[in-house]
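Chain A is fixed; fit chain B onto it per the hints.
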Amino acid sequence: MIWFKIAWRNLWRNRRRTGIQLTAIIGGMFLAVFYNNFVGGFAVNTLDGGVRSGSGHIGFYHERYLENPEVGETVPADDLVAKIEQDPDVSAVFPRLHVAGLLRSSRDSRPAAAMGLDFAREGDGNPMLNSKNLVAGRMPTTPNGIVIGQALAKELHVKVGKKVVWVSQDVHGEIVSRLFRVSGILNTHVKALDASLIMAPREAVAELIGRPGSAHEVAVMLKSPDRIPAALPRLQAIAATAGGTTKAYAWDDAMPSLAALVQASNAKEGFIVVILFALVAVGTMNTMLMSVMERTREFGMIRAMGVSKGSIRLMVLVEGLVLGLIGSLGGVVLAFLLNLRTSTAGIDLTKAYGDMDMGGIAFDMLIKTVWDWRLAFLLTAGMLVLSVLASLYPARWALKIRPADAMRTY
Amino acid sequence: MNAIQLTGVKKFYQEGDTVVRAVDGVDLAIAPGEFASLAGTSGSGKTTLLNLIGGLDRPDEGTLAIDGVSIKDKTDDQLADLRLRRIGFVFQAYNLIPVLTVYENVQFVLQAQGIPEREHAGRIMPILEELGLAPLAKRFPTQLSGGQQQRVAVARAIVGDPAIVLADEPTANLDSETSAALLKMMKRLNVERGITFLFSSHDPAVIELAERVIRVKDGKVLADERKSV
Chain A
1 MIWFKIAWRN LWRNRRRTGI QLTAIIGGMF LAVFYNNFVG GFAVNTLDGG VRSGSGHIGF
61 YHERYLENPE VGETVPADDL VAKIEQDPDV SAVFPRLHVA GLLRSSRDSR PAAAMGLDFA
121 REGDGNPMLN SKNLVAGRMP TTPNGIVIGQ ALAKELHVKV GKKVVWVSQD VHGEIVSRLF
181 RVSGILNTHV KALDASLIMA PREAVAELIG RPGSAHEVAV MLKSPDRIPA ALPRLQAIAA
241 TAGGTTKAYA WDDAMPSLAA LVQASNAKEG FIVVILFALV AVGTMNTMLM SVMERTREFG
301 MIRAMGVSKG SIRLMVLVEG LVLGLIGSLG GVVLAFLLNL RTSTAGIDLT KAYGDMDMGG
361 IAFDMLIKTV WDWRLAFLLT AGMLVLSVLA SLYPARWALK IRPADAMRTY
Chain B
411 MNAIQLTGVK KFYQEGDTVV RAVDGVDLAI APGEFASLAG TSGSGKTTLL NLIGGLDRPD
471 EGTLAIDGVS IKDKTDDQLA DLRLRRIGFV FQAYNLIPVL TVYENVQFVL QAQGIPEREH
531 AGRIMPILEE LGLAPLAKRF PTQLSGGQQQ RVAVARAIVG DPAIVLADEP TANLDSETSA
591 ALLKMMKRLN VERGITFLFS SHDPAVIELA ERVIRVKDGK VLADERKSV
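Going line by line, the protein sequences match chains A and B.
The numbering used here puts the first residue of the first sequence at 1, with every later residue one more than the last.
The numbering used here puts the first residue of the second sequence at 411, with every later residue one more than the last.
Okay, chain A solo, but in the shape it has when bound (with noise of 0.2 Å):
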């Protein structure tokens, strides 16, 4: 007990050098720690627009269909749905349909990727659907209404309510084709989506490329992502019962572009803490130095009473660690309180940085920051334990003492 108090009464006494490195040690943590929130919510934020619009944490697809995808290799997406609603951990499944072909309007023609969706299971679970995108019109509510972007309307030259024909291969590779009518306009906010995507009922692609009840993708949404490890075995015996062509995987081998992405905002976060955490070390190792050797004379003192190495050694590490502690909680503190506004308000990155898209995926640029008990006790951890290394120099220095030389010399 006496160390830690020997320890907190020494902070304070050169208050100013205390101070500042203790703003050093607040300074540091909070912006690791807010760091993280921030980089938690972008994780969030891009897995949940990326597997929403994509594969679903686990997707069912064809077994050549992600490396080389073709119209024919498709799955028989309304025998799976039904299986798939009945696991506990699934809480949405949207299959879709995806067939790149050419739209025409009366007035011009232009390549385009028609994706085959129930509209009514996406609903605004889609972050592509999402009714806010929708910038005329609304969405198809008859096997021939039709969604199409912006640019893409803007270049055919089509309103909602006109004609549009839909050409693009078969599963035989004939030509076939379908006329929709286009029931609404939507901006994704991704240029290239919206110069060429179209959005139809599966069904009705699914008639056109001669395959009812068919889908190149069933996305599954679990009740939340840690059930992926349980969930995928189970998956994936539903899906070797839909013949043997079918597979289900996890979103990361559905999507290693994304799982990439992901990768890499988390090995960047570890990197700029490890910088910043080197840094404050630097500063406490300094603090502390400067401390032991401001009481040469009493350190060689304590050392004359018969004071052990261990304690001395221990009376140093202490003081780091008291100095670690304060610093550490202090800036957790400060990235709690900032959280509990960010996490709710967000963070609006969108005039600085735009829209961000990734593989046809639109993210949202509105990070709300998640707070993450564990690693802000990892990284509280992290900070003692590296106070306490900072201070192991300085303590060597203090053991290295000699009463006699102390008291003679200064």
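Treat the hints as calculated values from the structure; they're not laboratory data.
Just so you know, even glycine gets a beta-carbon here, dropped at the ideal spot from N, CA and C.
Covered stretches of chain A, going by a simulated chain B footprint (3 or more residues, C-beta under 8 Å):
{"hint": "1", "region": "8-15"}
{"hint": "2", "region": "292-305"}
{"hint": "3", "region": "308-314"}
What follows is chain B alone, placed relative to chain A:
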């Protein structure tokens, strides 16, 4: 068995090209319970001699024993333990820990000795009472006069129940009246507790109060005078 026994002890320092013979072949025996003074001018070797006896420094030659046990082959940690349990120190500049109160400064020794905290008050308060420090127990060193600080240093030196107290110029920073009072207090502790006191001084008035005066010059013992009291 002598409390302190020095035989042919030498300690030299190199200062530039010059070898300083700080202690030069000292033979000395201090019996348990003595109240002795090392007298000499500044630079005569008193402090070096006390440092050697206290195990703060090691002799270049000769042997040195505390309570009959040679300290020659002891490690730094063993010497530290010897100081902690058998020797109390009083320094010229008091050297109290400024962030601790009077009580805590004294308690620091017991803490270092590993004595359970529940026993601390029972050992510290009687000493503070005896030295007239009880009312100052919660004060910090900066709130005390020089004489009061040196009394705290004495309390700290004896709380661990040492056999020997070594005091290096304990009155150098005190006025003559306070010096005399401190010496009388040390003498009382010597008599009542049987602690061996060896203190250095260059002040004749202080030296006068010692029962035995060992006069040192140029690192050698010039005279060893015993007084009957």
